[in-house]
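Build the full structure now, drawing on both the sequences and the hints.
The end of the sequence shown is residue 161 by our numbering, with every number in the run present.
Since the hints were derived computationally from the structure, they do not count as laboratory data. We put the beta carbon where it would ideally sit given N, CA and C, even for glycine. Some hints could be false.
As a list, the in silico PhoX-like pairs of lysine-lysine whose alpha-carbon atoms are at most 20 Å apart [unchecked claim]: (1) Lys54 / Lys4; (2) Lys127 / Lys98; (3) Lys54 / Lys89; (4) Lys89 / Lys112.
Pair by pair, the computed Cβ-Cβ distance ranges are [said to hold, decoys possible]: (5) Thr138 / Leu18: 21 to 29 Å; (6) Glu83 / Glu9: 35 to 43 Å; (7) Asp60 / Pro40: 17 to 25 Å; (8) Gln10 / Asp119: 27 to 35 Å; (9) Ser82 / Glu131: 17 to 25 Å; (10) Asp119 / Gly85: 54 to 62 Å; (11) Asp111 / Ser51: 18 to 26 Å; (12) Asp126 / Lys28: 16 to 24 Å; (13) Glu83 / Gln117: 20 to 28 Å.
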Amino acid sequence: MLRKLEKAEQKWGGSNKLIDQWLKSRRKLLVHYCQIAGLPPYGKSEKSLPSFEKVKIFCDLLVDYVSEGHFEIYDTVVNACSEYGESSKTLAQQMLPKITPTTNIALDFNDKYAETQDDQVFSQLDKDLSELAHNMETRFELEDELLEMLYRKHSEHSQQA
1 MLRKLEKAEQ KWGGSNKLID QWLKSRRKLL VHYCQIAGLP PYGKSEKSLP SFEKVKIFCD
61 LLVDYVSEGH FEIYDTVVNA CSEYGESSKT LAQQMLPKIT PTTNIALDFN DKYAETQDDQ
121 VFSQLDKDLS ELAHNMETRF ELEDELLEML YRKHSEHSQQ A
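Below, the structure written as structure tokens:
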């Protein structure tokens, strides 16, 4: 996921402050994910669960990220696509319902882990992190399609001008 993020940053970085902030938020989320999941370069030396505080921070970042998308970024992208015609706006609007299920899964993860210190619940963390990673990868792909659509339309419009 980090490699795909690097490609996204190279492709769309610097084109819009809001998109730059969004990609920065995605990077921060992924780094914290790797830390609590014990993935390289943050591997765990022993089989232990991350601290409650680290999971809480990750949950906060996760909610912030999905909220930022739904309440700031997506509307901006749809509005920008509308500048390039109704078909672009319609395509952008069709992407949003595909992203919504990924939001629900992220919020469910947050509801389960953000406020608990129950060892029984935490024993499911590795499995749930794996499922969340798959979900977020799907989300990032859909978001990248949305950005690509905007980028492509913007490039076509710039060439015509």
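> Which of the numbered hints are not met once you compare them with the structure shown?
Replying inline: 1, 2, 3, 4, 6, 8, 9, 13
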